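Turn these sequences into a full structure, and let the hints guide you.
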Amino acid sequence: MLLHVDGVHKRYGRRVALAGVSLTVAPGETVALMGPSGCGKSTLLRCINRLTRWDAGEIYFDSAPVGAMGPDEVRRLRRQIGFVFQHFHLIERLTVLDNVLLGLVLGGVPKEEALERARAALARVHLAGEERLYPAQLSGGQRQRVAIARALALEPRLMLLDEPTAALDPILVGEVLDVMEELARTRSTGMLVVTHEVRFAMRVADRVVLMDAGTVVDEGPPEEVFRRCRSRIAQSYARLLVS
Amino acid sequence: MSLLREPFWREYVFVVALTIILGAGCAAGTARALDAALGEAAHSLLGEAGQYDLIVHVRQDYREVAGRELQRLLVDLDPEVRVVPGVIVAGNANFLVELPDNLLKQDALEDVAARLEDVPGFNGYTWLLEPSLSVSGLQPALRDLVAREAASLPGVRAAVRGGSSVTVLLEHIEYREQVAAALRELVERRQVVEVRLPGGGASAPDQATTEATDEAAGSAVEAVRAALAPLAIAELTAEEPGPGSSLTALRGLLASLATRVRVQPLPETSLQIGDRLVLQGSAPSPPGPGEPPGPEHLIVEVVGRRGGEALGWIVQGDAGQGTVQTAFRLVNGAVGPPAGQAVLESPRWALAQGLTGDGPVGQELEQLAQIARETADRLGDLTALVAPEAAQEAIEQRAERLARALRAGDGASAVRETLLGVALSVLTRKLQEAGGAGAMDGAGAGGNATVAGGAPTGGRLALRFDVEKLEQLRQSLMSLADAVEALKDGAAGELLAGLVDVQQLVGNLRDDEITGLLRLVDGVAGGEGAEPRLVFLVDDRVTAADIEEAIRRAAGRDAVVVAARAGVVNPSARSLLIELLADVRRSIAGIVAVLVAGAALVLDHATVLAALRRLEVPPATANALGAGLGAVLLGGVWSLSGAELPFLGPAGALAAGAALGLVTALLADRLSPVRVEEIVAGQSLGLTNGQIMREIVVPAGRPGLLSLVNRWRREFR
Chain A
1 MLLHVDGVHK RYGRRVALAG VSLTVAPGET VALMGPSGCG KSTLLRCINR LTRWDAGEIY
61 FDSAPVGAMG PDEVRRLRRQ IGFVFQHFHL IERLTVLDNV LLGLVLGGVP KEEALERARA
121 ALARVHLAGE ERLYPAQLSG GQRQRVAIAR ALALEPRLML LDEPTAALDP ILVGEVLDVM
181 EELARTRSTG MLVVTHEVRF AMRVADRVVL MDAGTVVDEG PPEEVFRRCR SRIAQSYARL
241 LVS
Chain B
244 MSLLREPFWR EYVFVVALTI ILGAGCAAGT ARALDAALGE AAHSLLGEAG QYDLIVHVRQ
304 DYREVAGREL QRLLVDLDPE VRVVPGVIVA GNANFLVELP DNLLKQDALE DVAARLEDVP
364 GFNGYTWLLE PSLSVSGLQP ALRDLVAREA ASLPGVRAAV RGGSSVTVLL EHIEYREQVA
424 AALRELVERR QVVEVRLPGG GASAPDQATT EATDEAAGSA VEAVRAALAP LAIAELTAEE
484 PGPGSSLTAL RGLLASLATR VRVQPLPETS LQIGDRLVLQ GSAPSPPGPG EPPGPEHLIV
544 EVVGRRGGEA LGWIVQGDAG QGTVQTAFRL VNGAVGPPAG QAVLESPRWA LAQGLTGDGP
604 VGQELEQLAQ IARETADRLG DLTALVAPEA AQEAIEQRAE RLARALRAGD GASAVRETLL
664 GVALSVLTRK LQEAGGAGAM DGAGAGGNAT VAGGAPTGGR LALRFDVEKL EQLRQSLMSL
724 ADAVEALKDG AAGELLAGLV DVQQLVGNLR DDEITGLLRL VDGVAGGEGA EPRLVFLVDD
784 RVTAADIEEA IRRAAGRDAV VVAARAGVVN PSARSLLIEL LADVRRSIAG IVAVLVAGAA
844 LVLDHATVLA ALRRLEVPPA TANALGAGLG AVLLGGVWSL SGAELPFLGP AGALAAGAAL
904 GLVTALLADR LSPVRVEEIV AGQSLGLTNG QIMREIVVPA GRPGLLSLVN RWRREFR
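Those sequence lines, one after another, are chains A and B.
Following this note's numbering, the numbering of the first sequence begins with 1 at its first residue and continues without gaps.
Following this note's numbering, the numbering of the second sequence begins with 244 at its first residue and continues without gaps.
Worth double-checking, as some hints may not be accurate.
Partial selection, computed: residues in chain A whose CB lies under 10 Å from chain B [unchecked claim]: (1) Asn49; (2) Leu51; (3) Glu92; (4) Leu104; (5) Val105.
Distance ranges between label pairs, derived from CB positions [claimed, not checked]: (6) B:Leu261 x A:Asp178: 46 to 54 Å; (7) B:Arg275 x A:Pro71: 42 to 50 Å; (8) B:Ala867 x A:Glu224: 53 to 61 Å; (9) A:Ala238 x B:Ala867: 53 to 61 Å; (10) A:Ala136 x B:Leu261: 42 to 50 Å; (11) B:Arg913 x A:Ala136: 20 to 28 Å; (12) A:Gly67 x B:Ala867: 49 to 57 Å; (13) A:Pro65 x B:Leu261: 42 to 50 Å; (14) A:Arg53 x B:Leu261: 32 to 40 Å; (15) B:Val952 x A:Pro71: 19 to 27 Å; (16) A:Asp72 x B:Arg275: 28 to 36 Å.
If the Cβ cut is set under 7 Å, some of the chain B residues that face chain A in the computed set are [claimed, not checked]: (17) Gln303; (18) Gln584; (19) Pro916; (20) Glu920; (21) Glu921; (22) Leu928; (23) Gly929; (24) Leu930; (25) Glu958; (26) Phe959.
These aren't lab readings, by the way, just hints derived from the structure by calculation.
Note that the structure is a prediction, hence the values are computed from the model and not measured.
Every residue gets a Cβ at the ideal spot worked out from N, C-alpha and C, and that includes glycine.
Now the structure itself:
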């Protein structure tokens, strides 16, 4: 198993963000993590990448306990886990190409190779001709694709995508979903995608994990989860699917 | 220390060190540049060290003529004297004077100072003698003592008196410490104690009462002397007559001009000191009981008793030729019952009669001339009454010159002019002081304003003393001085002319004006004539309480004791200026150090401190780091630049730096906001904190030394 989240708890003061969440992601598998806002999806992703420490439970990446990792190991972990944020988190003063190169070059990849990998990543997200532009010169969809390319360039074993289309104009959502779908179909990397896009989940995800109030309420293949509707959340998504 | 494994943090430490070095250089450089500029100004003002010996200040509008006259006066003294025009500062033109070696002696230097008086627009002088020391803030008698003792010290070439200070010219610079120590021993570790004996005598109008009073006061003075002999190092009163003697002479002059009133009381009538009596005076009719006295009536105040008679002063009106009149009591502003027969004797009238041939020139005139001579001889002392500021040096030197001229019998007109100038200056100043706040409004020679002051002795008479009366006194003194000069020259014609002048001018003085002057003299001298004063030099361990107790035990009476440090030893004027410049330099360095540290904290370190909070560094740690950083920066710049500010030493600088750093840490997010999402992006890419700082945080921060150094090492430019 590439990722194994085992009974993770996290509180922010009195508020419970995660209440014993457990899930797994296999290599090359695409998992859609769905649930209402504030149910703990983004917190879980940040815990997996050790951007946030959790209170109890454990997260294993490639069978290694993430919680016990030292700073160097954490940095190595992060280079194996690409993270795409809802609000892109691009470095504004750097060009598109430099944004993609940043993790590679500073991670020790030789410059020539880094350049090759960066350009390839940009090509995969259909931004091959835009590498000299700055983030401020791009549309929201293009920015998110740069962010995806930046994560992809690291050739991660797992991609964590935190509502990558939530901040986009509906017209631009499609281009990002297309890129994500293409990535998923290659099965080159495991993907844990936080999304509210039910059709995207139905079409692309191998499994769907539904969360509510910090716990996993249902999981399984999307068709099965939305058909059996064992939870209130599943019923809501199923209605969206029908409509 | 694990942080230092990353190149960025090593460079950060380097930037802190570089900031300290550059900041110190900047602070010290700025301070030295200013120092050089000020030094250049000082050089143009004072010349090179030892180049000039004296700087003479004259009013700017007299510059041309003053320069010529100064040159003439000093070259006349010695052809090798060189006078160089200096800069104009605050309305004063300055002339630098280089004296030949043979003039660098005490007498010659004091003679030079005296000659400066004759320079038109003269406004003071400053000795630039090198190497030298000065002792300032000296009591007049102590000044001369210090000058004498300083002149006898080994290594001292001359000790020149000037105002309240003594400038001590040294043989060589190597004597400076030794002489300074000796002078400190003499003045700074000692104090001048003035003992006043209140109620030593009444304000007696005539010779007999004065003598009786003096006898009583004399025994008290001797008792005090005996009591303080074991405590005192020296008695300064005896060293040189103080201002009291001169005022006594002046007072004697006025008293000799005043009409003497003797009242024989009626049987069973008692007259007390302070009682007021109304006499007919020049009014056509005697005072009417129950009515207020008229302007032509005389009002006499009883100021003493002798035998069965009461002695008084005329406080309103003029007695004219003198007569015998009935005296009525003055009760609640109205004429009361008869109190006795008053006999009025006017010496002025007798003098005038004698001079016009109606009476003998006689003894009174001789006495008057004698008093005038004494007054003139002691006018030098009068200036000691004046506050010992440098501005008063002119008056004093004028007085000294007068004294010399009188002794030598030269320059009659110069003598008269000087005499009048001194007397008028001193009296005007003392009038201002006696009048108190708001009492005097421009009472210059040509002014019309009045001076109002309470009569100090009686305290009951509201005295109004206007400029016209001052002018009358001036006229009288002028004629008296002329008379003195004429007597000294033995020229019969001049003597006669002088006496005629005296007769005319003395006749212009009214009795109530003379009484006002007498009380004024008593008042400005703090009871002069009534309060004997003794001045002692004592060790600084002796307290005023010790002295009061000793007097109480020995003399059986209380005394007013005023103690003050005897004086202060200073370096020469140039050394003071150099010290002042050094202070300015250190202060400027201090200010620049604070500015440099503040700028570095805001421009460089606020960015880092703000980012540290996003890199999982606890806020308390970030604040402590900020405080430490500030202390290191300001402390380092401070100590390396030699900065110094009042009340802020090196420890204070560290504390101030820590406070600055702490404030910077607390306000870091506002001073230099960082983009949190970019930091998180860097973390998610597996970058180290150093890489995040170098490639993401610092480039987006404020431009400063850190961003400059960081630019060279950045991968992504």
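Results for each hint:
1. Asn49: Result: holds, 6 Å to nearest chain B Cβ.
2. Leu51: holds (6 Å)
3. Glu92: At about 7 Å, which falls below the 10 Å cut-off, the nearest Cβ of chain B leaves the hint on A:Glu92 intact, so it holds.
4. Leu104: holds (9 Å)
5. Val105: holds (6 Å)
6. B:Leu261 x A:Asp178: 46 to 54 Å: At roughly 52 Å between Cβ atoms, A:Asp178 and B:Leu261 fall inside 46 to 54 Å, so the hint holds.
7. B:Arg275 x A:Pro71: 42 to 50 Å: holds (48 Å)
8. B:Ala867 x A:Glu224: 53 to 61 Å: About 56 Å separates the Cβ atoms of B:Ala867 and A:Glu224, which means 53 to 61 Å holds.
9. A:Ala238 x B:Ala867: 53 to 61 Å: holds (55 Å)
10. A:Ala136 x B:Leu261: 42 to 50 Å: violated (34 Å)
11. B:Arg913 x A:Ala136: 20 to 28 Å: holds (24 Å)
12. A:Gly67 x B:Ala867: 49 to 57 Å: violated (28 Å)
13. A:Pro65 x B:Leu261: 42 to 50 Å: Since A:Pro65 and B:Leu261 have Cβ atoms about 43 Å apart, the given range 42 to 50 Å holds.
14. A:Arg53 x B:Leu261: 32 to 40 Å: holds (37 Å)
15. B:Val952 x A:Pro71: 19 to 27 Å: Holds: the Cβ-Cβ distance is about 25 Å, inside 19 to 27 Å.
16. A:Asp72 x B:Arg275: 28 to 36 Å: Violated, since A:Asp72 and B:Arg275 (Cβ atoms, about 50 Å apart) do not stay within the stated range.
17. Gln303: violated (63 Å)
18. Gln584: This interface hint is violated because 110 Å lies over the 7 Å limit.
19. Pro916: Violated, about 13 Å.
20. Glu920: holds (4 Å)
21. Glu921: Check passed: Cβ of B:Glu921 comes within 5 Å of chain A, closer than 7 Å.
22. Leu928: holds (3 Å)
23. Gly929: holds (4 Å)
24. Leu930: Hint holds; B:Leu930 Cβ to chain A Cβ min 5 Å, cut 7 Å.
25. Glu958: This hint holds: B:Glu958 lies near chain A, its Cβ roughly 6 Å from the closest one there, short of 7 Å.
26. Phe959: Result: holds, 5 Å to nearest chain A Cβ.
Consistency note: the structure conflicts with the earlier hints numbered 10, 12, 16, 17, 18, 19.
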